[in-house]
Amino acid sequence: MAKRLIAWLAHAWRNIRQLSGDDAYERYLAHHAARHAGSAPLSRREFFHQHQQQKWSGIKRCC
Amino acid sequence: MNKKFLSVFVWIAIALLGAAALGGIALNRGESINAMWLITAALCVYAIAYRFYAAWIASKVLLVDPTRATPAERLDNGRDYVPSNRWIVFGHHFAAIAGPGPLVGPTLAAQFGYLPGTLWILIGAVLGGCVQDMVTLFFSTRRNGKSLGQMARDELGAIGGIAALIATLFIMIILIAVLGLVVVNAMKHSPWATSTVAATIPIAMLVGLYMRSIRPGRVLEGSLLGVVLLLLAVAGGGWIDHQPVLRELFNHPGLPLAWAVIGYGFAAAILPVWLLLAPRDYLSTYIKLGTVILLALAIIWLQPMIKMPALTQFIDGTGPIFGGKLFPFVFITIACGAISGFHALIASGTTPKLLSNERDIRMIGYGGMALESFVAIMAMIAATVLDPGIFFAINSPAGVVGKEAAAAVAKISSWGFPVTVEQMALLAQQMGETTLFARTGGAPSLAVGMASILGSAFGEGMLALWYHFAIMFEAIFILTTLDAGTRVGRFMLQDILGNIWPKLGETSWYPSVLLSSAIVVAAWGYFLYIGVIDPNGGVNILWPLFGISNQILAAIALCVATGILVKCGKLRHAWITALPLAWLVIITSSAVWEKITSPDVRIGFLAAANDLASKLAAGTLPPEKAAVAPTLIFNQRLDALLALFFICLLWLIVLDMLRVCARHLNGKPVPPLSEVPHQVTRLEEAWQRD
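Chain order of the listed sequences is A and B.
According to this note's numbering, the stretch in the first sequence is residues 1 to 63, in order.
According to this note's numbering, the stretch in the second sequence is residues 1001 to 1690, in order.
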């Protein structure tokens, strides 16, 4: 029972992190390792900066 | 077999329950009813529409194909194209589409009674808004996440594309102006509200610095810090309100506040996104989700009674909040929550790039809009649980009911909605405000309604805190929309100006950034300024214009969808979008017709301009009104022109769509379908292997 609760909480935490973009850099690193293993990935700071810049260049919020 | 039987049984039970609740709402006269009837009716309607209508559209009309690879899979770049879990996509999509619109519209439309607005929110959403969002999401997904404007250009032709671009830019400007007005009216002469809203700016900047420099990319930590600070700011505002010197720093009439909002909008548009816009958006998303959930729980827990009648006498067009009959104005006033064209921009931008499988389109497109419609139902409840006398005292502009409290309550009581000066004074004192008379715009009355619901459910002693929490909640995402909207307006303008001189199209060239930001801010700032100096409150002019422009954008999205359906050979099923399109054309055309030709000065723009002009010429206006009269006259004429322009734009694109359809049906060449060819998804098998 306790095990299942912990597993459920861990799952919920993963989803919250993904939903908020908290784990965006980790996901980027995973993507980078899988697709562009040859080159060096961006640092956390650079990635976050670019990510935000790109995110807010289109229509993101509504009335 | 047994399971199937059970499912049939459950759905029949839901249908009966929904029918009973709807019947109860619609047929009840004279007695007040419980808000749970509205909640029950709404949930049953959404459930049935989602289970049957949306499923039928997905499987029989759109032919959603779970074996087809989505753009997120094919173009996966780890950034904007990322195949995501459907609940994650749902969260992003809902956070993007749900803004202040579904809160303000139903509050204003409550002047007709609770019934018309509620029925339109339910029927408009399941047959119109949800379908629009779902089909736009589907067609954009099949086209690598192309925007509505691009789809209009590819599928219908250049006219459609330009019309979509111009409509988007204009709706953005009107939208920002009206939202700015709502915030200004909520802050007017309220040191508590003003200081709290002002505090959200440094808090957002602090969070921005935290996420960029102190702990880069730690979104949750930064957001948590910000939310705690925001709650402290709400309480701190109450403290400031009790300091005789400090409170005067934040005690301002409308006009200086409007200038502050305009200055803020310009600063937000040119500052880097990480400093203000991005952190504010994180905060507003959490506050918004938290408050909506809290409100839903409080309503279910408290089961408040609805005190507004089902229908009021104002369906005849004499309403104090805005002039105009039930038809077409209830359909214009409630855009977001029933059908909102703006959603088509989200459903054809970010969301399709995150979908991992086409089968999620029903849940995200249709389900996301159903949830927003439910938020609108809750706003309707929060407005109608107030005593109608109080509701009208808060929302009626001084120009209609008079400036003096005694005159206002006499007028409102004469309509059959009794209210006293003492009652209003006590309410204002409980909410921590100096007055609640003529606080137009919907935000204060929504905040009073929310405070009374949340206060009864979670602590009566904190009414003033709940009130200012509700004001902060509305202001923070209104200002997010203002920031984001100004920025998008700037990009669109730069895009257009780039055609004239390419250098102006560079989004990082500072002179062009300053110029285009200034133009966009000046455009909405003008309407905001007029709204503030207008003695009738401005909302009665701006909100219908906003509703019309938003519905016209929806009509453009439905035109694109109908055109694609016909070109795909699905003429037999094209009614799923053609029907809501026809309704939108009818309501927007008749609303524009009335706004231009009506001889009633409270409805017709030109009638109001001419009336004011003749009074000015006759010298019967008091000096302070005579001073602003020429500006107001010019503005009314400009508004008439704008409404005419919107409706011409709509008819242009409708006729263009019909032309393309007719050519296709007659076998003549039309722009080809721009759907990306089928490619089998590999995500499914990868998951199965894990």
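Simulated from the structure, these hints should not be mistaken for lab results.
Keep in mind that the hints are not guaranteed to be accurate.
Which chain A residues stay away from chain B? Per the calculated CB distances, all over 10 Å, these [what the hints assert, rightly or not]: (1) 4; (2) 5; (3) 6; (4) 7; (5) 8; (6) 9; (7) 10; (8) 24; (9) 40; (10) 58.
Partial list, computed: chain A residues near chain B (C-beta under 8 Å) [to be verified]: (11) 21; (12) 22; (13) 39; (14) 49; (15) 56; (16) 62.
To give an idea of the interface, some chain A residues facing chain B are shown, with a C-beta separation under 10 Å as derived from the structure [unchecked claim]: (17) 3; (18) 16; (19) 23; (20) 25; (21) 30; (22) 32; (23) 47; (24) 61; (25) 63.
Cβ atoms here follow ideal geometry from the backbone N, Cα and C, with glycine treated the same way.
Against the structure, the hints:
With a minimum CB-CB distance of about 19 Å to chain B, residue 4 of chain A clears the 10 Å threshold, and the non-interface call stands. Every C-beta of chain B lies more than 10 Å from that of residue 5 of chain A, the closest at about 20 Å, which supports listing it as non-interface. Remark: the non-interface label on residue 6 of chain A is consistent with the geometry, its nearest Cβ contact in chain B lying 19 Å away (cut-off 10 Å). Distance to chain B confirms residue 7 of chain A as a non-interface residue, since its nearest Cβ pair spans about 16 Å, more than 10 Å.
No beta-carbon of chain B is positioned within 10 Å of the beta-carbon of residue 8 of chain A; the least distance is around 14 Å. Once the 10 Å rule is applied to beta carbons, residue 9 of chain A is consistent with being away from chain B; the minimum gap is 15 Å. Against the 10 Å criterion, residue 10 of chain A stays outside the reach of chain B, whose nearest CB is about 15 Å from its own CB. Not every CB of chain B is more than 10 Å from the CB of residue 24 of chain A (nearest about 7 Å), against its label as outside the interface.
For residue 40 of chain A, the condition that its CB be more than 10 Å from all CB atoms of chain B holds, with the nearest at approximately 15 Å. With a cut of 10 Å on Cβ distances, residue 58 of chain A falls inside the contact zone with chain B, its closest approach being about 6 Å. With a least beta-carbon distance of about 5 Å to chain B, the hint placing residue 21 of chain A at the interface is held under the 8 Å criterion. At a threshold of 8 Å, the smallest CB-CB gap from residue 22 of chain A to chain B is about 4 Å, leaving the interface hint in force.
At about 13 Å, the closest approach between the beta carbon of residue 39 of chain A and any beta carbon in chain B exceeds 8 Å, and the interface hint on this residue is violated. For the restraint placing residue 49 of chain A at the interface with chain B, the shortest Cβ-Cβ distance is roughly 7 Å, inside the 8 Å limit, so the hint holds. Because the closest C-beta pair between residue 56 of chain A and chain B is about 4 Å apart, less than 8 Å, the hint holds. Given hint, residue 62 of chain A at the interface with chain B, holds; its Cβ is 5 Å from that chain's nearest Cβ, closer than 8 Å.
Residue-level restraint check for residue 3 of chain A is violated (minimum Cβ-Cβ distance to chain B is 21 Å; threshold 10 Å). Because the smallest distance between the Cβ of residue 16 of chain A and any Cβ of chain B comes to about 7 Å, under 10 Å, the interface hint for this residue holds. The interface hint given for residue 23 of chain A is met, as the beta carbon of that residue sits about 9 Å from the closest beta carbon of chain B, less than 10 Å. Given the 10 Å rule on beta carbons, the hint for residue 25 of chain A holds: about 5 Å separates it from the nearest Cβ of chain B.
A cut of 10 Å between beta carbons decides the hint on residue 30 of chain A: the least distance to chain B is about 8 Å, and the hint holds. Given the 10 Å rule on beta carbons, the hint for residue 32 of chain A holds: about 7 Å separates it from the nearest Cβ of chain B. The criterion of a C-beta within 10 Å of any C-beta in chain B is met by residue 47 of chain A, whose closest approach is roughly 7 Å, and the hint holds. Evaluation of the residue 61 of chain A hint against chain B yields a held restraint, the C-beta minimum of about 4 Å falling below 10 Å.
Nearest Cβ of chain B to the Cβ of residue 63 of chain A: about 4 Å, under the 10 Å cut. The hint holds.
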